[in-house]
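**Student:** These are the residues of each chain, in order.
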Amino acid sequence: MPRGFLPLVAIVAAAGTAALARETDGFRVITTAGARQLAIERTPAPLPDVQLVDQDGHAFRLSDYLGKRILVDFFYSRCPTICTARGEDFQRVRELMDDGGDASIGLLSISFDPGNDDREARKLYGDRFSAKTPRWRIAVPTDSGDLAALLKSFGVVVIPDGLGGFIHNDAVYLVDAYGRLARILDPQDPKQLLAEAKGAP
Amino acid sequence: MNLRLFLIAASWLALWADPLRGLLESDMAAHMTLQVPLLIALGLALATTIRLYEPRFFAEADWLGIPGIVLVIFATSFWMLPRALDSAIADPWIDAAKFISLPLLAGLPLGLSWSRMPALGRAFIWANFIPKVGAIGALYLAAPTRLCAYYRFDQQASAGWTLIGIAVLLGTLWFVIAFIGRPPRNAHKAAPPHIMALPPPYAGS
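Chains A and B, in that order, give the protein sequences. Okay, so the first sequence: first residue is 82 according to our numbering, each after it adds one. Okay, so the second sequence: first residue is 16 according to our numbering, each after it adds one.
Fair warning: there could be bad hints in the mix.
Said to hold, decoys possible - Listed below are the simulated SDA-like cross-link pairs for lysine to any residue, each with C-alpha atoms no more than 25 Å apart in a straight line: (1) 147(B) - 112(A); (2) 279(A) - 126(A); (3) 147(B) - 95(A).
To be clear, the hints were calculated from the coordinates, so they are not data collected in a lab.
Work the whole structure out from these sequences, hints included.
**Tutor:** Shown next as structure tokens:
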């Protein structure tokens, strides 16, 4: 075995393992969404205090929710698949809270398609799931620059689906009472969603 | 300037420049099975020139090509991670890192180390690589969710089928070469015509 062989193998293997470990957060995630989920779980992330407008035309800010936990999802009203499924989950969460006489958790659906989702479209979308303000706001940022900031801070990636629609992360976002993004939840049983929201600070 | 180096640099720049970069990165299958192998191929081409200037110490320390092939395995594994592909699309600096690391940390060491590897070692690499490509393809088809934030579900499926197709093709080729053999590379040199046709005065001298 020539001199230099073992040190060279050791250096290459150590550097390679370190690079892979870094990119997979210690061999735990291989996807961008997974990495973001893990990072948020470790350190809740601050969110920009943007102004939005709901389906009744009322303007509000994210900071209006300070002191209250909210479940947030992102949608576009023409979405035929996952947005509808998340809408139905939120509807069920609201029904569960109603059954328990509980109004501690706010619901917020944010459209990333402000061009199409005007107030009327958002109102129609909300009516499909009996969404009423202020309990469940179907909103859009008033400024398009704010939309980009909002998507970035929540870690939402929206790409065209090639058929005139969009593809986006399928997740529910939990914002804690301090206004921080506290958890990124996989779609799950609405009872579980509510329990997760109540367990947040 | 050496023509080969010039062609390698020109190809590298062409791959980096739009529209080619945007085109290849807009589709998951093209990104994984065209752009990445082409970048590795540039490194392989570079190896034929670099080999002449390779420091003796490195050539010796790269015993049986093992350190080099380990580097290749790490570098290619890294760029197989969905998160790494996402980062390359989202951030031009990460994409630049991909454009530098694939030729220099995968193609170049592959070209330098391959010839130092014993036949059994090469067979081991092929026998591992081919099923792995197929397995990754199958995983892409089986995954219930999107693995890359920037690629659609149907793109993920077509990348899966492309990888399976490549694995089947390479597997068949490898099988044919291993069990049936390839035509001798120097067949035409077996009886060089200039020796056959030596003019009479020189024959037998």
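**Student:** Take the C-alpha atoms of residue 147(B) and residue 95(A), compute the straight-line distance between them, and say whether it is at most 25 Å.
**Tutor:** holds (23 Å)
**Student:** Straight-line Cα separation of residue 279(A) and residue 126(A) no greater than 25 Å?
**Tutor:** Since the Cα atoms of residue 279(A) and residue 126(A) sit roughly 18 Å apart, the hinted pair holds (cutoff 25 Å).
**Student:** When you check the alpha-carbon spacing of residue 147(B) and residue 112(A), does it fall within 25 Å?
**Tutor:** Holds, at about 19 Å.
Every hint from the earlier list agrees with this structure, and none is contradicted.
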